[in-house]
Amino acid sequence: MARALITIPPNPKRNSVIEIRALIQHPMETGLRPDVDGKVQAQNIIRRFECRFTVGDKSALVFSAEFFPAISANPYIAFPLRATQNGSLSFQWTGDKGFTQTETAALVVV
Amino acid sequence: MKFVVAVVAFGTISINANAAEKRKSGYDIMSPSTQALQNDDSQNPAMLWVEDGKALWNRATGDTKKSCVNCHGDAAKSMRGVAARYPAFDQATKRPINLQQRINICQKNHQRSTPFASESAEMLGIESYVAMQSRGLPIAPPRDAKLKTSRERGGKLFQQRIGQLDLSCADCHDNNAGKKLAGATIPEAHPTAYPLYRLEWQGVGSLQRRLRNCISGVRAEPYAYGAQEFIELELYLASRAAGMLVETPGVRP
Numbered sequence: 000m001a002r003a004l005i006t007i008p009p010n011p012k013r014n015s016v017i018e019i020r021a022l023i024q025h026p027m028e029t030g031l032r033p034d035v036d037g038k039v040q041a042q043n044i045i046r047r048f049e050c051r052f053t054v055g056d057k058s059a060l061v062f063s064a065e066f067f068p069a070i071s072a073n074p075y076i077a078f079p080l081r082a083t084q085n086g087s088l089s090f091q092w093t094g095d096k097g098f099t100q101t102e103t104a105a106l107v108v109v
Numbered sequence: 000m001k002f003v004v005a006v007v008a009f010g011t012i013s014i015n016a017n018a019a020e021k022r023k024s025g026y027d028i029m030s031p032s033t034q035a036l037q038n039d040d041s042q043n044p045a046m047l048w049v050e051d052g053k054a055l056w057n058r059a060t061g062d063t064k065k066s067c068v069n070c071h072g073d074a075a076k077s078m079r080g081v082a083a084r085y086p087a088f089d090q091a092t093k094r095p096i097n098l099q100q101r102i103n104i105c106q107k108n109h110q111r112s113t114p115f116a117s118e119s120a121e122m123l124g125i126e127s128y129v130a131m132q133s134r135g136l137p138i139a140p141p142r143d144a145k146l147k148t149s150r151e152r153g154g155k156l157f158q159q160r161i162g163q164l165d166l167s168c169a170d171c172h173d174n175n176a177g178k179k180l181a182g183a184t185i186p187e188a189h190p191t192a193y194p195l196y197r198l199e200w201q202g203v204g205s206l207q208r209r210l211r212n213c214i215s216g217v218r219a220e221p222y223a224y225g226a227q228e229f230i231e232l233e234l235y236l237a238s239r240a241a242g243m244l245v246e247t248p249g250v251r252p
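Those protein sequences? They're chains A and B, same order as listed.
54 is the number that numbering that gives the first Met the number 0 gives to position 55 of the first sequence; each next residue is one higher, with no gaps.
204 is the number that numbering that gives the first Met the number 0 gives to position 205 of the second sequence; each next residue is one higher, with no gaps.
To be clear, the hints were calculated from the coordinates, so they are not data collected in a lab.
Accuracy of the hints is not assured; some may be wrong.
Claimed, not checked - Below are the SDA-like pairs computed for lysine to any residue, each with C-alpha atoms no more than 25 Å apart in a straight line: (1) B:Lys65 with A:Thr103; (2) B:Lys53 with A:Gln24; (3) B:Lys53 with A:Ala105; (4) B:Lys53 with A:Ala104; (5) A:Lys38 with B:Ser215; (6) A:Lys38 with B:Lys64; (7) B:Lys53 with A:Gln91; (8) B:Lys64 with A:Ala72; (9) B:Lys53 with A:Lys38; (10) A:Lys38 with B:His172; (11) B:Lys53 with A:Pro9; (12) A:Lys12 with B:Asp40; (13) A:Lys12 with B:Asp39; (14) B:Lys53 with A:Gln40; (15) B:Lys53 with A:Thr103; (16) A:Lys96 with B:Asp40; (17) A:Lys12 with B:Asn212; (18) B:Lys53 with A:Pro8; (19) B:Lys65 with A:Arg2; (20) A:Lys38 with A:Asp95; (21) A:Lys38 with B:Asn212; (22) B:Lys53 with A:Lys12; (23) B:Lys23 with A:Met0; (24) B:Lys53 with A:Asp95; (25) A:Lys96 with B:Trp200; (26) B:Lys155 with A:Arg2; (27) B:Lys147 with A:Gln40; (28) A:Lys38 with B:Lys65; (29) B:Lys53 with A:Arg2; (30) B:Lys53 with A:Ser58; (31) B:Lys65 with A:Met0; (32) A:Lys12 with B:Gln42; (33) B:Lys178 with B:Arg197; (34) A:Lys38 with B:Glu20; (35) B:Lys53 with A:Val35; (36) B:Lys53 with A:Phe98; (37) A:Lys96 with B:Ser215; (38) B:Lys53 with A:Thr99.
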């Protein structure tokens, strides 16, 4: 499993806009580069990133992004979010070779 | 006030801490956007390696089923300042060793596990984690008389012209530092932030990887990882950068 770092400002004020940051370890191989033997390496990138906000049994997509080969290795995503209520944020990256990873973090507003 | 506290906590205004410092770290000459990556641990991709290293620090392994934490305890305390002292003289093998070699010796003698290969994700992870504990401390090469000859040999290697381009380290990094080599500014070659995340590498690499880059850049044959010549060069570079502050885990272009 790849390593990921999620950063959420601690205890944001209710209804304030906060920045959520998500960094993940991934080679983001473009599919265009030759390896040491001159053979072109197969593309291996993350295709999609999604962040969902869940309260109880209700869940909503709050941010998503499509990734392409020009995005660097170990991609970093930051996006603003209005912190309306307590809940849980789940982050999912999916990509080539069946890559999928989910991380969750709690959002606690004051 | 909050802003000041945050910056100090990340410890990366370090470079400007000493106003009289004339030497420049690679950090000082890189673009503000690259500096921003290093300034903030939540953006710094090298932190992914540090997290790997932290997991390894706590992982019991080898025949003795011991982890680093069993002997050394909390790395934040026990490893504070350690990386700033390396390379150091190893009494058992009677030669200078760098931090990676120290880690491997520990693995062999105390964990009885297979040492990590040079430049493996594991080695770079654990080295980053250990070295980060010295962040903000001045580089403090040991005043060990046994290191003197090796350090001097390193100094000679630094001055030695090599390769088809017939250039020494000093030709660029002493005599032409601050000028341009193609699009890049030539740094003064102070190893303040290793292991570091290089954008060109799209990953973390060691000081020896950087040295090998330079050596093949002047069309000479690089020494193997862990070669005695590299340890001597590291010794010399550490003495040249003595007093500058450790930035690990750094980011460079």
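Outcome of the hint check:
no.	hint	in the structure
1	B:Lys65 with A:Thr103	violated (31 Å)
2	B:Lys53 with A:Gln24	holds (15 Å)
3	B:Lys53 with A:Ala105	holds (23 Å)
4	B:Lys53 with A:Ala104	holds (20 Å)
5	A:Lys38 with B:Ser215	holds (23 Å)
6	A:Lys38 with B:Lys64	violated (41 Å)
7	B:Lys53 with A:Gln91	holds (24 Å)
8	B:Lys64 with A:Ala72	violated (34 Å)
9	B:Lys53 with A:Lys38	violated (36 Å)
10	A:Lys38 with B:His172	violated (36 Å)
11	B:Lys53 with A:Pro9	holds (23 Å)
12	A:Lys12 with B:Asp40	holds (23 Å)
13	A:Lys12 with B:Asp39	holds (22 Å)
14	B:Lys53 with A:Gln40	violated (31 Å)
15	B:Lys53 with A:Thr103	holds (20 Å)
16	A:Lys96 with B:Asp40	violated (29 Å)
17	A:Lys12 with B:Asn212	violated (49 Å)
18	B:Lys53 with A:Pro8	holds (23 Å)
19	B:Lys65 with A:Arg2	holds (24 Å)
20	A:Lys38 with A:Asp95	holds (19 Å)
21	A:Lys38 with B:Asn212	holds (23 Å)
22	B:Lys53 with A:Lys12	violated (32 Å)
23	B:Lys23 with A:Met0	violated (39 Å)
24	B:Lys53 with A:Asp95	violated (28 Å)
25	A:Lys96 with B:Trp200	holds (23 Å)
26	B:Lys155 with A:Arg2	violated (42 Å)
27	B:Lys147 with A:Gln40	violated (47 Å)
28	A:Lys38 with B:Lys65	violated (42 Å)
29	B:Lys53 with A:Arg2	holds (12 Å)
30	B:Lys53 with A:Ser58	violated (33 Å)
31	B:Lys65 with A:Met0	holds (24 Å)
32	A:Lys12 with B:Gln42	holds (23 Å)
33	B:Lys178 with B:Arg197	holds (20 Å)
34	A:Lys38 with B:Glu20	violated (49 Å)
35	B:Lys53 with A:Val35	violated (32 Å)
36	B:Lys53 with A:Phe98	holds (24 Å)
37	A:Lys96 with B:Ser215	violated (35 Å)
38	B:Lys53 with A:Thr99	holds (23 Å)
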